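**Student:** Sequences and hints are given; from them, build the entire structure.
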Amino acid sequence: MDSAIRTRALRKIYTSAPPAGAGRPQPSPAAGKPKDSKPQITALDGIDLDVAPGEIFGLLGPNGAGKSTTVGILTTRVRPTSGTAWVDGRDVWRDQTAAKRQIGVVAQRPNLDFSLTAREILQFHGAYFGLNSRERNQRAAQLLDRFKLTDRADQLVRGFSGGMMQRMSIARAMMHDPQVLFLDEPSVGLDPQTRLLLWEIIREYNQKGRTILLTTHNMEEADTLCERLAIIDHGRIIASGTPRELKASIPGGYLLRLRFGKQSAPLLERLGTLASVTEVRNAGDSGIDVYASRGGALIPEIVTTAAACSVELVDVHISEPSLENLFLHHTGRSLRE
Amino acid sequence: MNWTAFLALLARDAHVARRNAVQLLFQTFLQPLLFVFIFGRVMVGSGYLPAAYKSLLLPGIMAISMVFTGIWAVAMPLIAEFQFTREIEDRLLAPIDTSWVAIEKTLAGLIQAVVAGLIVLPIGGIILRPGLELHFNNPALFIVIILLVAGFSAAGGLALGCSMDQQHIGLMFSMVLTPMIFFGCTYYPWSALSKFPILQKIVLINPLAYASEGLRASLVPQFPHLPTAFILSALAVFDCLLLIGGLRQFQKKAVG
Chain U
117 MDSAIRTRAL
127 RKIYTSAPPA
137 GAGRPQPSPA
147 AGKPKDSKPQ
157 ITALDGIDLD
167 VAPGEIFGLL
177 GPNGAGKSTT
187 VGILTTRVRP
197 TSGTAWVDGR
207 DVWRDQTAAK
217 RQIGVVAQRP
227 NLDFSLTARE
237 ILQFHGAYFG
247 LNSRERNQRA
257 AQLLDRFKLT
267 DRADQLVRGF
277 SGGMMQRMSI
287 ARAMMHDPQV
297 LFLDEPSVGL
307 DPQTRLLLWE
317 IIREYNQKGR
327 TILLTTHNME
337 EADTLCERLA
347 IIDHGRIIAS
357 GTPRELKASI
367 PGGYLLRLRF
377 GKQSAPLLER
387 LGTLASVTEV
397 RNAGDSGIDV
407 YASRGGALIP
417 EIVTTAAACS
427 VELVDVHISE
437 PSLENLFLHH
447 TGRSLRE
Chain Z
63 MNWTAFLALL
73 ARDAHVARRN
83 AVQLLFQTFL
93 QPLLFVFIFG
103 RVMVGSGYLP
113 AAYKSLLLPG
123 IMAISMVFTG
133 IWAVAMPLIA
143 EFQFTREIED
153 RLLAPIDTSW
163 VAIEKTLAGL
173 IQAVVAGLIV
183 LPIGGIILRP
193 GLELHFNNPA
203 LFIVIILLVA
213 GFSAAGGLAL
223 GCSMDQQHIG
233 LMFSMVLTPM
243 IFFGCTYYPW
253 SALSKFPILQ
263 KIVLINPLAY
273 ASEGLRASLV
283 PQFPHLPTAF
293 ILSALAVFDC
303 LLLIGGLRQF
313 QKKAVG
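Chains as they are written, first to last, in the numbering used here: chain U, 117 to 453; chain Z, 63 to 318.
Please keep in mind that the hints were generated in silico from the structure rather than gathered at the bench. Take the hints with a grain of salt, since some may be wrong.
[As the list claims (entries may be wrong)] Selected chain Z positions facing chain U (in silico; Cβ < 10 Å):
no., residue
1, Ala70
2, Arg74
3, Asn82
4, Arg153
[Stated by the list, open to error] Here are some of the chain U residues that sit facing chain Z, going by a computed Cβ distance under 8 Å:
no., residue
5, Gln212
6, His241
7, Phe245
[Stated by the list, open to error] Distance ranges between label pairs, derived from CB positions:
no., chain 1, residue 1, chain 2, residue 2, range
8, U, Asn253, Z, Arg310, 50 to 56 Å
9, U, Asn253, Z, Asp159, 52 to 58 Å
10, Z, Asp159, U, Arg250, 24 to 30 Å
11, Z, Arg81, U, Asp293, 24 to 30 Å
12, U, Asp293, Z, Trp65, 45 to 51 Å
13, U, Ser132, Z, Leu180, 41 to 47 Å
What you are looking at is a predicted structure, and each value in this text was computed from that prediction instead of being measured. In this text, a Cβ means the ideal position worked out from N, Cα and C, and glycines have one as well.
**Tutor:** Here it is, written out as structure tokens:
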């Protein structure tokens, strides 16, 4: 059976400012030669994705990692520099119209039709996809109800709050019942209650056998909602798997971020020899990251070891196995940085 | 070609136009109304201009009204929808080739330009009544000219709307549209420029000149005008060039 979403060696190099929908990729050191007149920004650097039909798949990464560009390419809005992208077995850039039929897209920024009311937005969207008027009215009413927008249905969306616009965008993307739904940072700016409603609706839609690809930099969202994840940074996939697999791949599981009074090479070495410690890393300045299968239980030994090297422990932060730690492990940076 | 989607896009524009009907009407009605009144009624009535000027003026006013409406109707929404609100994205994702979204916009602008042109006739008829001499002896020519004029106006709106930033709208009006109107043979026939031979050649790069002369050829053939075949071919060339250029710019804007 075909993948619902597949990409091979997807690359995107921007030579001008990327369109607003594509986020803001960070310039990577590898990108661009100084003699080029135009600055080159490598947004994607060889992305291979395989998303099975009926899966909720997450692209997790910090801002500018290339998540939105990936979604842009898969949804015909950003032309790849090289590589191929398929949605539901159709080459997105060879057969755009057929690909567009299979997809629903929620962009990062609300892009509702300000000249129309909420109900009209859904009805016209349905009309673009060939729904007859009975189907249009029925589905629009259902979606407005599901997204708790019925009481504002016949008002222009211009006056809607950010959260309402976001709900409207998602309702619109579901209007023609697409096989694959793309959601770019769907819960940014939503209050916790609306976020839960959104997650519920996404799961419900998924249970109808639809595939969902969402991008997020929210750990909780990735962890609770997604069946599989790809962690993306600087336009490359640095890890992928189920949230459980990914968390299990963190050496030891626990991460202890330690800060000492001063830097000490012998200390770094001796910490590595402690029982249950799997990896020790110099985290710059006088910080050391310790990956271990124990958390707090390890602290007394660390204090003793530090004292033996005549270094004082000044700060400790223990975190349990999480995607945040995984990202940190792979990139040396926090997702929120 | 997905006609269902195309017609739905057109229906959306028609729906929005209906909703803004009063505003649109004022936008298209008011300017020609004032022009016709001041030049055709006040200036002629007080003897500063000869009575025949009424008939000479009307096709020019019609041309301005059409060109302005066509450009405005396509360019302004595109500038806003691409830059500010990004509203167009939903239509770009409709299951239809992206270029057809642009063609639909152009067609909607063309229809508005035709309406704006035809509206001038009854206004002119009422205000300029005694002494206005229009000859509809070649309706086919009139229809073709109207369509070609509306076509290049809407296609020009597409080209301008996709190559301009929001902050340059003012510049577009002062640098492009104002000189276009004054050097567009709107208030005078092309032959009136014979005393300025260089200028007379230069205005031939202005599509509005052919619009005014073409409408003169089809409505008031008693006045001198450029040869009809020349007008038709020039208008056809402008239609094609502006549409091709506009579609190219649209693609550049639409796909990152």
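**Student:** Indicate, hint by hint, whether the structure satisfies it.
**Tutor:** Hints, verified against the model:
no.	hint	verdict
1	Ala70	holds, 4 Å
2	Arg74	holds, 5 Å
3	Asn82	holds, 8 Å
4	Arg153	holds, 7 Å
5	Gln212	holds, 7 Å
6	His241	holds, 6 Å
7	Phe245	holds, 6 Å
8	Asn253(U) to Arg310(Z): 50 to 56 Å	violated, 39 Å
9	Asn253(U) to Asp159(Z): 52 to 58 Å	violated, 28 Å
10	Asp159(Z) to Arg250(U): 24 to 30 Å	holds, 28 Å
11	Arg81(Z) to Asp293(U): 24 to 30 Å	holds, 28 Å
12	Asp293(U) to Trp65(Z): 45 to 51 Å	violated, 21 Å
13	Ser132(U) to Leu180(Z): 41 to 47 Å	holds, 42 Å
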